[in-house]
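Trainee: Chains as they are written, first to last, in the working numbering: chain A, 1 to 425; chain B, 1 to 425.
It cannot be assumed that every hint is accurate.
Unchecked claim - Derived DEER-like restraints, expressed as beta-carbon distance ranges:
id : chain 1 : residue 1 : chain 2 : residue 2 : range
1  : B       : Asp296    : A       : Asn118    : 25 to 33 Å
2  : B       : Arg192    : A       : Thr197    : 49 to 57 Å
3  : B       : Thr152    : A       : Ala250    : 38 to 46 Å
4  : B       : Ser99     : A       : Gly117    : 44 to 52 Å
5  : A       : Asp276    : B       : Thr152    : 54 to 62 Å
Stated by the list, open to error - Residues of chain B clear of chain A, computed beta-carbon distances all greater than 12 Å:
id : residue
6  : His42
7  : Ala55
8  : Ile66
9  : Arg67
10 : Ala74
11 : Thr95
12 : Gly101
13 : Arg188
14 : Arg193
15 : Thr215
16 : Gln224
17 : Arg277
18 : Arg287
Hints are computed from structural coordinates only; laboratory data are not their basis.
Even for Gly, the Cβ is constructed at its ideal location relative to N, Cα and C.
Protein chains: 2
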Amino acid sequence: MTEPSQGRPHVVIVGCGFGGLAATKALADVDVDITVIDRENHHTFQPLLYQVASAGLNPSDIAQPIRHIVRKQANVKVLLDEVVGVDLDGRKVTTNDDSIGYDYLVIATGATHSYFGNDGWAEFAPGLKSIDDALDIRRRILIAFERAESSTDPVERERLTTFVVVGAGPTGVELAGAVKEIATKALRDDFRRIDTTSSRVVLIEAGPRVLGAFTEKLSASAEQQLVKLGVEVQTSTPVTNIDADGVTTAAGTIPAATVLWAAGVAASPLGQSVTDRADRAGRVPVRPDLSVKADDHVVVIGDLAAVTSQDEVVPGVAPAATQGGQHVARCIDADLSKSERPIFVYKDKGSMATIGRSKAVAYLGPKLQFGGYFAWLVWWAVHIISLIDFRSKVSAMSSWGWQYLTGQRVARLITGRRDRASTLD
Amino acid sequence: MTEPSQGRPHVVIVGCGFGGLAATKALADVDVDITVIDRENHHTFQPLLYQVASAGLNPSDIAQPIRHIVRKQANVKVLLDEVVGVDLDGRKVTTNDDSIGYDYLVIATGATHSYFGNDGWAEFAPGLKSIDDALDIRRRILIAFERAESSTDPVERERLTTFVVVGAGPTGVELAGAVKEIATKALRDDFRRIDTTSSRVVLIEAGPRVLGAFTEKLSASAEQQLVKLGVEVQTSTPVTNIDADGVTTAAGTIPAATVLWAAGVAASPLGQSVTDRADRAGRVPVRPDLSVKADDHVVVIGDLAAVTSQDEVVPGVAPAATQGGQHVARCIDADLSKSERPIFVYKDKGSMATIGRSKAVAYLGPKLQFGGYFAWLVWWAVHIISLIDFRSKVSAMSSWGWQYLTGQRVARLITGRRDRASTLD
Chain A
1 MTEPSQGRPH
11 VVIVGCGFGG
21 LAATKALADV
31 DVDITVIDRE
41 NHHTFQPLLY
51 QVASAGLNPS
61 DIAQPIRHIV
71 RKQANVKVLL
81 DEVVGVDLDG
91 RKVTTNDDSI
101 GYDYLVIATG
111 ATHSYFGNDG
121 WAEFAPGLKS
131 IDDALDIRRR
141 ILIAFERAES
151 STDPVERERL
161 TTFVVVGAGP
171 TGVELAGAVK
181 EIATKALRDD
191 FRRIDTTSSR
201 VVLIEAGPRV
211 LGAFTEKLSA
221 SAEQQLVKLG
231 VEVQTSTPVT
241 NIDADGVTTA
251 AGTIPAATVL
261 WAAGVAASPL
271 GQSVTDRADR
281 AGRVPVRPDL
291 SVKADDHVVV
301 IGDLAAVTSQ
311 DEVVPGVAPA
321 ATQGGQHVAR
331 CIDADLSKSE
341 RPIFVYKDKG
351 SMATIGRSKA
361 VAYLGPKLQF
371 GGYFAWLVWW
381 AVHIISLIDF
391 RSKVSAMSSW
401 GWQYLTGQRV
411 ARLITGRRDR
421 ASTLD
Chain B
1 MTEPSQGRPH
11 VVIVGCGFGG
21 LAATKALADV
31 DVDITVIDRE
41 NHHTFQPLLY
51 QVASAGLNPS
61 DIAQPIRHIV
71 RKQANVKVLL
81 DEVVGVDLDG
91 RKVTTNDDSI
101 GYDYLVIATG
111 ATHSYFGNDG
121 WAEFAPGLKS
131 IDDALDIRRR
141 ILIAFERAES
151 STDPVERERL
161 TTFVVVGAGP
171 TGVELAGAVK
181 EIATKALRDD
191 FRRIDTTSSR
201 VVLIEAGPRV
211 LGAFTEKLSA
221 SAEQQLVKLG
231 VEVQTSTPVT
241 NIDADGVTTA
251 AGTIPAATVL
261 WAAGVAASPL
271 GQSVTDRADR
281 AGRVPVRPDL
291 SVKADDHVVV
301 IGDLAAVTSQ
311 DEVVPGVAPA
321 ATQGGQHVAR
331 CIDADLSKSE
341 RPIFVYKDKG
351 SMATIGRSKA
361 VAYLGPKLQF
371 GGYFAWLVWW
381 AVHIISLIDF
391 RSKVSAMSSW
401 GWQYLTGQRV
411 ARLITGRRDR
421 ASTLD
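The shape of chain A in the complex, shown without the other chains:
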């Protein structure tokens, strides 16, 4: 078992998404030793994953090695490993390789796809949570067009150029828009036999409207913009089956070679190690200071936590995770100075979703909600700024010059399955 080396409290942070990274950074000046454990070597800017899936950005544009991000923070160690269990009584976590003691445990392992009990659908309808997911989806989309070009059977060609996105939350809307744009713009001139611009993109949603978490006004705007782009939108349409043929709803089967899953998430199973009262989505209920009921030295933040703030449910979005991470640092700091922990107050900074070029919706307040070109400009500005803040460089070629000047490397990402690492692929 690995013990902290000094007498300072040992904070173990599991998962280095927005929540875990924010907690790590916020603890920089607190008198603790930190161990960050993540099963990937990189932090991923998840809101732009759909851009990697749709071939618009390189993985290294939105992901960066964790140990590089925190290299100047002396109180942090980073471990590439997966936490598989928590021993609350013994105050230690079990990883694949080790057992690690903690004084404080921050669980920030987020969520994964959920197929609502239909795990057989996973093979045919991949979800989008990681760089590897994004590269898999990119591969599927591009191969579908290649196979359509090779095929001489018109029915098969139509199946190959039909793309169904299940779930019309922000990720589904963004994916559907991006796939439609690939077909109508990026690939338009590249094929000889097929006309990529006639590809079908169908967005299917069980609920009554797209972007159900947004206002009705913005849902209507988003749907209008999707339809204008050429995406077929089917709301109030639950999916009953997904297989190699396509997607089945009450209205029949849509033959489609490529189906993308953006319909549901389930909390990381690690939550069950610290609560027996998870909610229906598997989230861990937490107290106002974000600690779990069983042990106030264990906190859960981000998508894995079921948090309320000022009687409102805190949504599973990046800013909420970041704010949770920052709050954890304040609580630990309060403990060390023997003062009272603050309670978590979520500051809603608005929400946005992009549909395509010059197409988006933005909610910045009840009187400040709008769709279209200006929303897209706002979306673009916010994401470019976040990305530039997140990365210290802006391009592969400038990165390369930079590498020669500084000795740094920009693309240090471990992708592909870990268990294939020792075999040729």
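Fit chain B to the supplied structure of chain A, relying on the hints for placement.
Mentor: For chain B alone, coordinates are given in the frame of chain A:
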């Protein structure tokens, strides 16, 4: 069977590396129909593959979709498929999916790694010929450092931070230098337990000197620069075994978790479909016009061809493949105008290899051979110019802006195993 649609001669080009691409482009204004068949969807700038393997460049910086490169050339069709056989009598090629007739056949499928009969070594010592190879090597290098950081066993740590490159041609020299630079520069500040700067990089060569195809003067310069960088160079040292423990030579076994293979290539097996007189490396002997002895409508170019020009063996380098491709177009053009085919004359434009930052050797002629900083500047200028010529954009971020302006996508690369495309990974 797919037949050419019109009466014009049908040129089938198999493989779209430097040779195949040059032939395709040079045939733009010749009155033929062209079908380019490649098992990848992208053309790869192979001389910089080691940069992707060493995390310095993104795959999309050195690879571009073939059908995008030739989108404006009306007489070209592109097929993502693999040619598995040639029927010389029937004038058709067999692919995985189809059978395709030709009037002219250009075989440009290049070379692959050869383990000299020790195929069991492949699992432990991957070679570098494709983007997928490069990503596999990148993953192995980065994971080795992560495992070393996790390990508490000093012997295992040393094994994990020892990297052996087998073969000291240009690729081996470049890989060894790049891995040493990752360890001493890029990763230096990122780890807590291990000192990456003390990693061992060993370059093993069976022949008497590194860069055996260069002059003795440049070999000596390259070895000096490698040693200065901290690479251990072992020449006249044949490898007798490679397994999970490391690399064995007459001097004993070097325990190493990461072994990279840059020692040998074998010509693509497709060559055996058109000759029964392949040389020891599997290359196809060709006539002065690059056609095969059996049929002057079949030409072989690039690394797969055994060519002599002015009584000298033409080396297996990118400029030779490009010149071969251009020559093919001249021969077909001569046939169509019923004039005599020209014979192939190779123009040697010199050769270069880079060792690291500010370290390289360049041979531009017997009186113009030099090593060090100036050679590196020349290397850099030549490759930057080739790359910029090859791509119409210079960076991921500018690409992204560009994508929004033009609708194009920059990272349309299918990587990963084709047969995994329909399963989650």
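Trainee: Hints first: check each against the structure and report whether it holds.
Mentor: Here is what the structure says about each hint:
Distance hint for Asp296 (chain B) and Asn118 (chain A): a CB-CB separation of about 60 Å, inconsistent with the stated range 25 to 33 Å. Distance hint for Arg192 (chain B) and Thr197 (chain A): a CB-CB separation of about 53 Å, consistent with the stated range 49 to 57 Å. Separated by about 58 Å at the C-beta atoms, Thr152 (chain B) and Ala250 (chain A) break the suggested range of 38 to 46 Å. Roughly 46 Å separates the CB atoms of Ser99 (chain B) and Gly117 (chain A), a value that falls within the hinted 44 to 52 Å.
Remark: the range hint 54 to 62 Å for Asp276 (chain A) to Thr152 (chain B) is contradicted by a beta-carbon distance near 35 Å. Not every C-beta of chain A lies more than 12 Å from that of His42 (chain B), the closest at about 10 Å, which undercuts listing it as non-interface. With a closest Cβ-Cβ approach of about 4 Å to chain A, Ala55 (chain B) is found to fall inside the 12 Å limit, against its non-interface label. Consistency note on Ile66 (chain B): stated as away from chain A, yet its beta-carbon is not over 12 Å from all of that chain's, at 9 Å minimum.
A Cβ of chain A approaches the Cβ of Arg67 (chain B) within 12 Å, the least distance being about 4 Å, so the stated non-interface status is violated. Interface exclusion of Ala74 (chain B) from chain A breaks down, the closest Cβ pair being 9 Å apart, not more than 12 Å. With a cut of 12 Å on Cβ distances, Thr95 (chain B) falls inside the contact zone with chain A, its closest approach being about 9 Å. The beta carbon of Gly101 (chain B) is kept farther than 12 Å from every beta carbon of chain A, the shortest such distance being approximately 15 Å.
Non-interface status of Arg188 (chain B) relative to chain A is broken: a Cβ of that chain comes within 12 Å, the nearest being about 8 Å off. Listed as a non-interface residue, Arg193 (chain B) fails to keep its Cβ farther than 12 Å from every Cβ of chain A; the least gap is roughly 8 Å. No Cβ of chain A comes within 12 Å of the Cβ of Thr215 (chain B); the nearest lies about 27 Å off, and the non-interface call holds. For Gln224 (chain B), the condition that its CB be more than 12 Å from all CB atoms of chain A holds, with the nearest at approximately 21 Å.
The beta carbon of Arg277 (chain B) sits about 31 Å from the closest Cβ of chain A, which is more than 12 Å, so the claim that it is off the interface holds. Remark: the non-interface label on Arg287 (chain B) is consistent with the geometry, its nearest Cβ contact in chain A lying 33 Å away (cut-off 12 Å).
In this structure, the earlier hints numbered 1, 3, 5, 6, 7, 8, 9, 10, 11, 13 and 14 are contradicted, and the remaining ones agree with it.
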